[in-house]
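Numbered per my numbering, the sequence shown spans residues 280 to 458.
Hints listed in this document are in silico derivations from the structure and should not be mistaken for laboratory results. Any given hint could turn out to be false.
[Said to hold, decoys possible] No farther apart than 20 Å at their CA atoms in a straight line, the calculated lysine to aspartate or glutamate pairs in the DMTMM-like style are these:
id, residue 1, residue 2
1, LYS341, GLU403
2, LYS341, GLU376
3, LYS341, ASP414
4, LYS341, GLU359
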Amino acid sequence: RMPEGAQTIRWYYGLVNDPYPFTITLADGSETTEWVQGDAWSTALVLGGHSLFAFEGTVWGKPAGPGEAAERIRAMRGREGVLHTGHHLIDVASGQEGSAVVSTTVRFGPMTDAEVDAYVATGEPLVVAGSFTLDGRSAPFIDGVVGDHTNVVGLSLPALRDLVTGFGRSIVDLWAEAD
Numbered sequence: 280r281m282p283e284g285a286q287t288i289r290w291y292y293g294l295v296n297d298p299y300p301f302t303i304t305l306a307d308g309s310e311t312t313e314w315v316q317g318d319a320w321s322t323a324l325v326l327g328g329h330s331l332f333a334f335e336g337t338v339w340g341k342p343a344g345p346g347e348a349a350e351r352i353r354a355m356r357g358r359e360g361v362l363h364t365g366h367h368l369i370d371v372a373s374g375q376e377g378s379a380v381v382s383t384t385v386r387f388g389p390m391t392d393a394e395v396d397a398y399v400a401t402g403e404p405l406v407v408a409g410s411f412t413l414d415g416r417s418a419p420f421i422d423g424v425v426g427d428h429t430n431v432v433g434l435s436l437p438a439l440r441d442l443v444t445g446f447g448r449s450i451v452d453l454w455a456e457a458d
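Please model the entire structure based on the sequences and the hints provided.
Written out as C-alpha cells, the structure is:
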C-alpha cells in the first residue's frame, strides 16, 4: 500500500515487473536487487520489505482465500496482535545495505459477522498480511496501534529515515522539489 504522504517524497511505489522508473522500489528484496543491479539504475535506492502478523502464537502472511481471511478476522475481534515488517535498503551506487525490523501492536475492535463478510467480499483482506489494513476499509474496526503506525500502512517512515541516515544521507534528500 502507498504510505500516507508518499506523494511529497521522491519515490515511486511498485513491483519489479512494473514498466515505470523508480527511485525506491518496494518489492521482494532479492528479486529487486538483482533486477535493479542488472539495469542501468546506478543511483537508485531500493527498499525491499515483507510483513508478517503474529497473533496468539501463530504467524500469518496473506490469507489463502476468503474463508481463511474471514476466520482470521473473526478470531482477531476484540484482541490484539503484532505486525512485524522487515525492511532492507540498498544504495545501488555505493553497494551499502541496511536492514531494520519494525514491530507494531494492533488492537482490534468489535465487528459483526455481517461486517466481516462484507469486508472479506471487498477482496481487500486477501492481499495483506493479517487480513486487515489501517488505511483501508477495516480501519474503523481497529481500535488503536502501539508503535509506528506507518509500519502498519506498509512502510515504516522512521525506519526508512534511519536506514537512509546510516548511508550518510538525509531523508530530506528524497523529498520532491516544490512545483
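Cross-check of the supplied hints:
For the given pair, LYS341 sits about 11 Å from GLU403 by alpha-carbon distance, which is consistent with the 20 Å threshold. At roughly 27 Å between alpha-carbon atoms, LYS341 and GLU376 are farther apart than 20 Å, so this suggested pair is violated. Taken as a hint, the LYS341 and ASP414 pair is honoured in the structure, with Cα atoms around 17 Å apart against an allowance of 20 Å. For the hint linking LYS341 to GLU359, the alpha-carbon distance of about 17 Å falls within 20 Å, and the restraint holds.
The earlier numbered hint that this structure contradicts is number 2, and it is the only one.
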